[in-house]
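Numbering (the working numbering), first residue to last: 1 to 148.
To be clear, the hints were calculated from the coordinates, so they are not data collected in a lab. Note that beta-carbon positions come from the ideal geometry of N, C-alpha and C, so glycine has one too. Errors might be hidden in some of the hints.
Per label pair, the in silico range of CB-to-CB distance [said to hold, decoys possible]:
1. Ala109 / Arg68: 15 to 21 Å
2. Glu85 / Asp24: 30 to 36 Å
3. Ala113 / Asp24: 19 to 25 Å
4. Gly67 / Asn112: 33 to 39 Å
5. Ser22 / Pro77: 32 to 38 Å
6. Gly65 / Ser22: 17 to 23 Å
7. Asp66 / Pro86: 19 to 25 Å
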Amino acid sequence: MSADAYLFGSQQMADIEVRTASHDDIDFIAKLAPPEDEELTSQARLTIEGASTADNSAIFIAVGGDGRRRGYIHLFPERDDSEEEPRRYVMRVASIYQPEHDVVGGLFAEANAWLEKRRGWPVLVLVHAEDESSAAFKAETINPPRPS
């Protein structure tokens, strides 16, 4: 298994692999993004294209054991011009296909590992509710507490 892929699963739910997004995922991300959010599709394309050189944003995809994409999480800086440490990041998360809590949990685990490497912390979590596991967060903005 590659360094950027992890397995999360249980006997009752399908295994979920979380991996870095690729060009093949752009349409999936666009389909899950809210209809009015053209910026996300554009940002997804730019993030995927610049993944090898950019260190300030990332998109991870959750894939089920059956090979179907189940969700994504997109991390990007709250402000591009900020040099403060720890850097403040926005996280967008969306998942589909039935209530699979390990999808959202797996995406958050990967996002947290990525943020720790960059000494970042989430300042805003945007949840796009497409299934019951995401709906538990409500379709709204979540403001995580500032780390102490």
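Consistency of the hints with the structure:
| no. | hint | verdict |
| --- | --- | --- |
| 1 | Ala109 / Arg68: 15 to 21 Å | 20 Å, holds |
| 2 | Glu85 / Asp24: 30 to 36 Å | 34 Å, holds |
| 3 | Ala113 / Asp24: 19 to 25 Å | 23 Å, holds |
| 4 | Gly67 / Asn112: 33 to 39 Å | 25 Å, violated |
| 5 | Ser22 / Pro77: 32 to 38 Å | 22 Å, violated |
| 6 | Gly65 / Ser22: 17 to 23 Å | 19 Å, holds |
| 7 | Asp66 / Pro86: 19 to 25 Å | 37 Å, violated |
In this structure, the earlier hints numbered 4, 5, 7 are contradicted, and the remaining ones agree with it.
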